[in-house]
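Below are the chains, spelled out letter by letter.
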Amino acid sequence: MTGESHSRRWGRMGGGFLVKLLLMGIVNAFGVSVILSAWQAQSWAILGVSVALLAIADWVYFSRRALPLKYLLPGLVFLAIFQVFTLAYTGYVAFTNYGTGHAGSMQQAVDAALIQAEKRLPDSPTYPLAVVRQGDEIGFAITDDGEVRVGTAEEPLSAVEDAAVGDGDVPTAVPGWEVIPRAQLLTDTTLQQLVTSLRVPVSDDAEEGSIRTREGSKGTIYSSSLEWDETGQTLTNTETGVVYSANDRGEFVGDDGSRLPTGWYVNIGADNFVRAVTDPSLAGPLLTVTLWTFVFAIASVVVSFAVGLAFALIYNDPRLRGRKVIRTLLILPYAFPAFMSALLWRGMLNAEFGVVNELFFFGSTIGWLSDPVLARLAVVFVNVWLSYPYWFLVSTGALQALPADTLEAATIDGAGRWRRFQAITLPLLLVATAPLAISSFAFSFNNFTIIYMLTEGGPAFPGNQARLGATDILISAIYKISGVSGGVADYGLASALSIVVFIVIGVISALAFRQTRKLEEYQ
Amino acid sequence: MSTVPLDERNSEGRNKARRKIWLAEVGWKYPLAVILIFYAVFPLLYVVSASLNPRGSLAGSSNMFSTFSASNFAALGETMYWTWFLNTLIVAGSAAVGAVLMGAAAAYAFSRFRFAGRRLSLTSLLIIQMFPQTIAFVAVFLLLLALGEVVPALGINSKLALIAVYLGGALGSNTFLMYGFFNTIPMEIDESAKMDGASHAQIFWRLIMPLVAPILAVVALLAFISAFGDFILAKIVLVSEDNWTLAVGMYQWVSNQLTSRWGLFAAGVVLAALPVLALFLSLQRYIVGGLTAGSVKG
Numbered sequence: 001m002t003g004e005s006h007s008r009r010w011g012r013m014g015g016g017f018l019v020k021l022l023l024m025g026i027v028n029a030f031g032v033s034v035i036l037s038a039w040q041a042q043s044w045a046i047l048g049v050s051v052a053l054l055a056i057a058d059w060v061y062f063s064r065r066a067l068p069l070k071y072l073l074p075g076l077v078f079l080a081i082f083q084v085f086t087l088a089y090t091g092y093v094a095f096t097n098y099g100t101g102h103a104g105s106m107q108q109a110v111d112a113a114l115i116q117a118e119k120r121l122p123d124s125p126t127y128p129l130a131v132v133r134q135g136d137e138i139g140f141a142i143t144d145d146g147e148v149r150v151g152t153a154e155e156p157l158s159a160v161e162d163a164a165v166g167d168g169d170v171p172t173a174v175p176g177w178e179v180i181p182r183a184q185l186l187t188d189t190t191l192q193q194l195v196t197s198l199r200v201p202v203s204d205d206a207e208e209g210s211i212r213t214r215e216g217s218k219g220t221i222y223s224s225s226l227e228w229d230e231t232g233q234t235l236t237n238t239e240t241g242v243v244y245s246a247n248d249r250g251e252f253v254g255d256d257g258s259r260l261p262t263g264w265y266v267n268i269g270a271d272n273f274v275r276a277v278t279d280p281s282l283a284g285p286l287l288t289v290t291l292w293t294f295v296f297a298i299a300s301v302v303v304s305f306a307v308g309l310a311f312a313l314i315y316n317d318p319r320l321r322g323r324k325v326i327r328t329l330l331i332l333p334y335a336f337p338a339f340m341s342a343l344l345w346r347g348m349l350n351a352e353f354g355v356v357n358e359l360f361f362f363g364s365t366i367g368w369l370s371d372p373v374l375a376r377l378a379v380v381f382v383n384v385w386l387s388y389p390y391w392f393l394v395s396t397g398a399l400q401a402l403p404a405d406t407l408e409a410a411t412i413d414g415a416g417r418w419r420r421f422q423a424i425t426l427p428l429l430l431v432a433t434a435p436l437a438i439s440s441f442a443f444s445f446n447n448f449t450i451i452y453m454l455t456e457g458g459p460a461f462p463g464n465q466a467r468l469g470a471t472d473i474l475i476s477a478i479y480k481i482s483g484v485s486g487g488v489a490d491y492g493l494a495s496a497l498s499i500v501v502f503i504v505i506g507v508i509s510a511l512a513f514r515q516t517r518k519l520e521e522y523q
Numbered sequence: 524m525s526t527v528p529l530d531e532r533n534s535e536g537r538n539k540a541r542r543k544i545w546l547a548e549v550g551w552k553y554p555l556a557v558i559l560i561f562y563a564v565f566p567l568l569y570v571v572s573a574s575l576n577p578r579g580s581l582a583g584s585s586n587m588f589s590t591f592s593a594s595n596f597a598a599l600g601e602t603m604y605w606t607w608f609l610n611t612l613i614v615a616g617s618a619a620v621g622a623v624l625m626g627a628a629a630a631y632a633f634s635r636f637r638f639a640g641r642r643l644s645l646t647s648l649l650i651i652q653m654f655p656q657t658i659a660f661v662a663v664f665l666l667l668l669a670l671g672e673v674v675p676a677l678g679i680n681s682k683l684a685l686i687a688v689y690l691g692g693a694l695g696s697n698t699f700l701m702y703g704f705f706n707t708i709p710m711e712i713d714e715s716a717k718m719d720g721a722s723h724a725q726i727f728w729r730l731i732m733p734l735v736a737p738i739l740a741v742v743a744l745l746a747f748i749s750a751f752g753d754f755i756l757a758k759i760v761l762v763s764e765d766n767w768t769l770a771v772g773m774y775q776w777v778s779n780q781l782t783s784r785w786g787l788f789a790a791g792v793v794l795a796a797l798p799v800l801a802l803f804l805s806l807q808r809y810i811v812g813g814l815t816a817g818s819v820k821g
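Same order as they appear, the protein sequences are chains A and B. When we follow my numbering, the leftmost residue of the first sequence carries the number 1, and every step to the right adds one. When we follow my numbering, the leftmost residue of the second sequence carries the number 524, and every step to the right adds one.
Derived by calculation from the structure, the hints in this document are not laboratory data. Warning: the hint list may mix true and false statements.
What the hints assert, rightly or not - The calculated lysine-lysine pairs, modelled on DSS-like cross-linking and capped at a C-alpha distance of 30 Å, are: (1) A/20 <-> B/682; (2) B/539 <-> B/552; (3) A/70 <-> B/552; (4) A/218 <-> A/119; (5) A/324 <-> B/543; (6) A/324 <-> B/539; (7) B/552 <-> A/324; (8) B/717 <-> A/20; (9) B/682 <-> A/70; (10) A/70 <-> A/119.
From just these sequences and the hints, can you work out the full model?
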């Protein structure tokens, strides 16, 4: 083996460098396109972050320093955006009233209020109008002083060149757009609905109003009956004279006590946390949910551990034939995808047609999933069915790793079977499995899938708005309150509850670390 | 162990006593095993029987293995099932490949390079990975809403966005598992290759990666299974039916029309679970080892 042959074997970096150039080219192209569209959408935060990330990426991969970062950066970028940032952002949202009615910035709320108050005024100007189409998108073309202007719901009116107008100045041909003939408009009712509900803004400024049409041949300017005074932060209704002023809760409140439906989100301090414990319609259900979350997580771990350990003790017996077959059959539930098992059990536990009632309870109609107590039992039962094989495997492994000489010495010293189990086997097993039990607890604590697939948290407590129920754990309660799947959204309160879960998980993990260390010392 | 009473001198009596002891010590475990296996396997047998039952409804599915027909499997073709199946493969497959590449690269850096902030990064990773991403789903939702305004491909209802979200959790959960494995590969191998003129990239791709292949397989499988089974993030991100994964789609079947679509559901379960089951059982030893090692080790 001479140096020469080695260097020939490793060759030059040529190919690798080309791949790197190609990959970095793709990354840069993607980065630049994101930066451009962020600029257009005026999302300054995304713009700043993508500029920074792109600069870092180029520096890391084209400089000779920062060698470790070449390997860490891809993972770190995803970790930073989709885990660290989201965790931090949860912390921020928890202190705001972000949600339905407070979903954007103040400017967005003002625009929405202006648009909602738009009316056709008696002296509103009207223009000859044609309905135009571009792919799936429809828009209006109007003729204003001989100039044709086109816009859609998203894009305000802008002038187009070389358009043709026909009778009564109605646009007949617009470059880049297909003009929809009147005849088609009169026969196609779904299109009619789209047209009559279409609102084309006159300009980027919501105060200038919009073009709308009733019949598809004349466009009228609808303007808002509200007037926005930016310096005074007030909206004035020009018809009734009511003045709405901004308050520190992110709302416009009128001097007659009324309130505009759209608000914006503001920092409201610890109000979400206070509300969770004082609001009578929330505090009760949430307390029950929290207690049940602990009960569910502890019961799941303890029972599955006990069952798995018992199975392992019984079937880790060298005198037994067919141990492998028995073991494989016993761990089948674990190999089965969990969400499918939960859905499967949901059908099996169905009160009317479920196989459990029909085969094992003589065709009775026990409401396994509709009675609060039974539903809780059922959830734990199913979770044990799902997770005991894990403990069975872990315990079997730990049993086989037990020091044989210690056990033998104990036998010689006259220790009985029970004594050996509780003085040697169990403590050693616990040392080996305690960290797993703790992470398993944390997993059960957040096991959204099984709860939601099996019962959806139900049966619901009577009379609470978020429809929290007897088997809801914190994470499924957060899901319902957040409204991410539709309904009334309360991101603020949901995030505040997420923070509570964070704290619980954090405390448990910290305890776990100390406990593991202590157990090891004890050993 | 066996303490045969002394007065039983004839061999017949001795055999009897031996059988008694065998029954007490070992024999009883067989009938018990039958019961326990029934507990473990019954739901799986039941779903197979329901998938073969041509009536296709939950009512009447209790007559197990009374009729056999593939009609439910055929009927899956008229639903969105195969679209969801494909979506699941795309999403979980990409998440698995991404998790392996990122996790391996990070583990390589932590294992082979000594750099400022190395210990701090390892500790931070250890702390971050304790907080599962799913708790922050509200923020994930809001983040994707904002991203979607700028880059529609990374917004709500995009599979790419869901993959990106899953990859966010890749580093935290896998790096430690791999880090431990990378450390078992002696540094001397790297050093001799370096002496021979190999670059760090060549060492990583051509030397280390083949040597750590078993752990790569385990991480890929774990990442695949966790993406395959994820419901909450997939439900939030994927809005339109043709983008759903199996978890979202099959949940919708069961939650909307539990009784009438039962046969379809059962057939879908059988088809989707079989490969996972086979894969899992064949790699069982590694997976359990992986779960144990990945839990709380620093």
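So, going through the hints one by one against the coordinates:
In summary, the hint linking residue 20 of chain A to residue 682 of chain B is supported, as the alpha carbons are separated by about 26 Å, within the 30 Å threshold. Under the criterion of a C-alpha separation no larger than 30 Å, the hint pairing residue 539 of chain B with residue 552 of chain B is consistent with the structure, at around 19 Å. Of the pairs offered as hints, the one joining residue 70 of chain A and residue 552 of chain B is violated, with about 56 Å between alpha carbons and a cut-off of 30 Å exceeded. In summary, the hint linking residue 218 of chain A to residue 119 of chain A is supported, as the alpha carbons are separated by about 16 Å, within the 30 Å threshold.
For the suggested pair residue 324 of chain A and residue 543 of chain B, the alpha carbons sit about 25 Å apart, so the restraint of at most 30 Å is met. For the suggested pair residue 324 of chain A and residue 539 of chain B, the alpha carbons sit about 29 Å apart, so the restraint of at most 30 Å is met. The hinted pair formed by residue 552 of chain B and residue 324 of chain A meets the criterion: a straight-line CA distance of about 14 Å does not exceed 30 Å. In summary, the hint linking residue 717 of chain B to residue 20 of chain A is supported, as the alpha carbons are separated by about 20 Å, within the 30 Å threshold.
Under the criterion of a C-alpha separation no larger than 30 Å, the hint pairing residue 682 of chain B with residue 70 of chain A is consistent with the structure, at around 27 Å. About 59 Å separates the Cα atoms of residue 70 of chain A and residue 119 of chain A, which puts this hinted pair outside 30 Å; it is violated.
This entry does not satisfy hints 3, 10, going by the numbered hints stated previously.
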